[in-house]
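Quick note: the sequence shown uses this note's numbering, first residue 8, plus one each step.
One thing to keep in mind: the hints can contain errors.
[As the list claims (entries may be wrong)] Across the chosen pairs, the derived CB separations fall in these ranges:
#1 Glu135 / Ile49: 27 to 35 Å
#2 Trp16 / Ile96: 15 to 23 Å
#3 Gln24 / Asn143: 19 to 27 Å
#4 Trp16 / Thr106: 41 to 49 Å
#5 Ser31 / Asp112: 35 to 43 Å
#6 Gln24 / Thr79: 44 to 52 Å
#7 Met67 / Gln114: 17 to 25 Å
#8 Gln114 / Gln24: 44 to 52 Å
#9 Ser133 / Thr111: 27 to 35 Å
#10 Ala76 / Thr141: 13 to 21 Å
#11 Gln24 / Thr111: 19 to 27 Å
Keep in mind the hints are simulated off the structure, nothing from the lab. Even glycine gets a Cβ: it sits at the ideal position worked out from N, Cα and C.
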Amino acid sequence: MKRKATAVWNGTVKEGQGHLTTQSTVLNETQYSFNSRFADGIGTNPEELLAAAHAGCFTMKLSLDLTEAGFTPEELQTESVISLDNGKIVKSELTLSATVPNITDDQFQQIAKGAKENCPVSGAFSFEITLNATLNP
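Produce the entire structure from the sequences given, and follow the hints as far as they go.
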């Protein structure tokens, strides 16, 4: 399977602007700029897209792993915070809140840790990945 996206940029890095389009067109000429990346400008940025990819991939992998272990998740909610420090992406912090009936916290933590280590997006990252997983009653 292959997926693609296209970036177009016009102008200098600070004054210019660009747009991103994905194969599915979920992003369709979505604006990005210096301000959307390094300030609070309108549009998206690469770090936000990495965070979305990591949160989505990890959550799907966790759902698969829980199901294969005999548990049916009611809700899995994951946030990923990508940290950019001195021009380098250095960390993805995953925060998970989950409702999964009939599972112990030990079982849940073990399965969540495995999903963190084995989701395809985690495997693509060479920086630190942390996980704070909470099982709701």
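Right, here's what the structure says about each hint:
1. Glu135 / Ile49: 27 to 35 Å: 30 Å, holds
2. Trp16 / Ile96: 15 to 23 Å: 19 Å, holds
3. Gln24 / Asn143: 19 to 27 Å: 42 Å, violated
4. Trp16 / Thr106: 41 to 49 Å: Since the Cβ atoms of tryptophan 16 and threonine 106 sit about 42 Å apart, the hinted range of 41 to 49 Å holds.
5. Ser31 / Asp112: 35 to 43 Å: For serine 31 and aspartate 112 the Cβ distance comes to about 37 Å; the hint holds.
6. Gln24 / Thr79: 44 to 52 Å: The hinted range 44 to 52 Å holds for glutamine 24 and threonine 79, with Cβ atoms some 45 Å apart.
7. Met67 / Gln114: 17 to 25 Å: 19 Å, holds
8. Gln114 / Gln24: 44 to 52 Å: At 48 Å between Cβs, range holds.
9. Ser133 / Thr111: 27 to 35 Å: Since serine 133 and threonine 111 have Cβ atoms about 33 Å apart, the given range 27 to 35 Å holds.
10. Ala76 / Thr141: 13 to 21 Å: Once the Cβ atoms are compared, 18 Å apart, the range 13 to 21 Å for threonine 141 and alanine 76 holds.
11. Gln24 / Thr111: 19 to 27 Å: Given about 51 Å between the Cβ atoms, the range is violated.
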